[in-house]
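Peer 1: Based on these hints, arrange chain U on the given structure of chain Z.
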Amino acid sequence: MLLSVLLQEGPAQTTNYMLLGYAVIFGVMLLYVLSLYLRQRNLERDLELMQDLQERQ
Amino acid sequence: MEAKPRMLAVLDSVTLALLLIASYMVFFYAPMEAVMGNVQRVFYFHVAAGWVGMLGFLVAAVAGGIYLRSGNRRWDLMSLASVEIGMVFAFINVVTGSIWARPIWNTWWTWDPRLTTATIMLLIYAAYLLLRQGIEDPDRRARFGAVYAIVGFLSVPLTFFSARLFRTIHPVVIGTNPPGASGAFDMTPLMLQTFLFSLLTFTFIFIDLLWHRIRVGRLADKVEQMKLKLMS
Chain Z
1 MLLSVLLQEG PAQTTNYMLL GYAVIFGVML LYVLSLYLRQ RNLERDLELM QDLQERQ
Chain U
1 MEAKPRMLAV LDSVTLALLL IASYMVFFYA PMEAVMGNVQ RVFYFHVAAG WVGMLGFLVA
61 AVAGGIYLRS GNRRWDLMSL ASVEIGMVFA FINVVTGSIW ARPIWNTWWT WDPRLTTATI
121 MLLIYAAYLL LRQGIEDPDR RARFGAVYAI VGFLSVPLTF FSARLFRTIH PVVIGTNPPG
181 ASGAFDMTPL MLQTFLFSLL TFTFIFIDLL WHRIRVGRLA DKVEQMKLKL MS
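These protein sequence lines map, in sequence, to chains Z and U.
For the first sequence, the working numbering assigns the number 1 to the initial residue and increments by one for each residue that follows.
For the second sequence, the working numbering assigns the number 1 to the initial residue and increments by one for each residue that follows.
Excised from the complex, chain Z in its bound form (with noise of 0.2 Å):
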């Protein structure tokens, strides 16, 4: 590890790997945002289905 680190000439080509990372960083936390989104969407047209449904009755 140390004479790897001393024969080094310069940082580590490792951005494709930060970018990988990231990719998935903003992607997870999109999705959820989105599923949070859809899911509150999807309640709200229940309720008004069933306040509907309600009124019929």
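The hints are simulated quantities; they were obtained by calculation from the structure and are not laboratory data.
Treat the hints with care, since some could be wrong.
The list that follows gives simulated cross-link-like pairs (lysine to aspartate or glutamate, EDC-like), each with its CA atoms no further than 20 Å apart [claimed, not checked]: (1) K229(U) - E44(Z); (2) K227(U) - E55(Z); (3) K222(U) - E48(Z); (4) K222(U) - E2(U); (5) K4(U) - E44(Z); (6) K4(U) - D46(Z); (7) K222(U) - E44(Z); (8) K4(U) - D137(U); (9) K227(U) - D46(Z); (10) K4(U) - E55(Z); (11) K227(U) - E48(Z); (12) K229(U) - E48(Z); (13) K222(U) - E55(Z); (14) K229(U) - D52(Z); (15) K4(U) - E48(Z); (16) K227(U) - E44(Z); (17) K229(U) - D46(Z).
Peer 2: Leaving out everything else, chain U in the frame of chain Z:
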């Protein structure tokens, strides 16, 4: 349709602004680490995600305890919401850790104590979400959820301290690195500022998402009650 509270709209905007600033700091403000290169930048959001995961599980245990004392359904909703958000961020933490490990440890995965305890913690809370779905009675479900959230929380300090208690290659941020730690680095002042700002940003993200998730939970409760009313 229930209108979004003004405070929540403000919180959304502040959180988004913080996330943009934190992202700028991660990519352009913090210097590149001399040995690991750009992959070290994953560290800022990796640790922040781990922090939100553990914070979520802590809030879930506290809310569960309050529910058991008060019986108020609001606390069960908060407990469930916290576990769900905690799961999302604990998952991000584990996956980004694996991505960082590939060039640094030369492997995607190793059964190191920290990685193992983090995975067990994730599975414990995944089981919480699955088991809750199997209980029909809302009161029983809430009681079960509260007890599980409290007992399940034992896995959180175990995960946090695993890198200090056991022989591990996982580096630590707070305290002295274990002798076998691989991938440790000294934080420069700019790195430390970016790290602390990322922690603050993710705490805001947690509060913002928690509020949204509780609103969804309240709406789901309302729909469930109306369904029961219509069926009776």
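Peer 1: Against each hint, give a clear statement of whether it holds in the structure.
Peer 2: These are the hints, each one checked on the structure:
1. Distance hint between K229(U) and E44(Z) is fulfilled; the C-alpha atoms sit about 17 Å from each other, no more than 20 Å.
2. Note on K227(U) and E55(Z): the hinted pairing holds, with a Cα-Cα distance of about 14 Å set against a maximum of 20 Å.
3. For the hint linking K222(U) to E48(Z), the alpha-carbon distance of about 11 Å falls within 20 Å, and the restraint holds.
4. In summary, the hint linking K222(U) to E2(U) is supported, as the alpha carbons are separated by about 12 Å, within the 20 Å threshold.
5. At most 20 Å may separate the alpha-carbon atoms for a hinted pair to count; K4(U) and E44(Z) meet this at roughly 13 Å.
6. For the suggested pair K4(U) and D46(Z), the alpha carbons sit about 18 Å apart, so the restraint of at most 20 Å is met.
7. At roughly 10 Å between alpha-carbon atoms, K222(U) and E44(Z) fall within 20 Å of each other, so this suggested pair holds.
8. Under the criterion of a C-alpha separation no larger than 20 Å, the hint pairing K4(U) with D137(U) is inconsistent with the structure, at around 30 Å.
9. The suggested pairing of K227(U) with D46(Z) holds, with an alpha-carbon distance near 9 Å, which does not exceed 20 Å.
10. Using a Cα cut-off of 20 Å, the hinted pair K4(U) and E55(Z) is violated, with the two alpha carbons roughly 25 Å apart.
11. Our distance criterion of 20 Å between C-alpha atoms is met by K227(U) and E48(Z), whose separation comes to about 12 Å.
12. Between K229(U) and E48(Z) the CA atoms are separated by roughly 15 Å; this keeps the pair inside 20 Å, and the hint holds.
13. Simply put, K222(U) and E55(Z) have alpha-carbon atoms about 16 Å apart, close enough for the 20 Å limit, and the pair holds.
14. Our distance criterion of 20 Å between C-alpha atoms is met by K229(U) and D52(Z), whose separation comes to about 13 Å.
15. For the hint linking K4(U) to E48(Z), the alpha-carbon distance of about 17 Å falls within 20 Å, and the restraint holds.
16. Between K227(U) and E44(Z) the CA atoms are separated by roughly 13 Å; this keeps the pair inside 20 Å, and the hint holds.
17. For the hint linking K229(U) to D46(Z), the alpha-carbon distance of about 14 Å falls within 20 Å, and the restraint holds.
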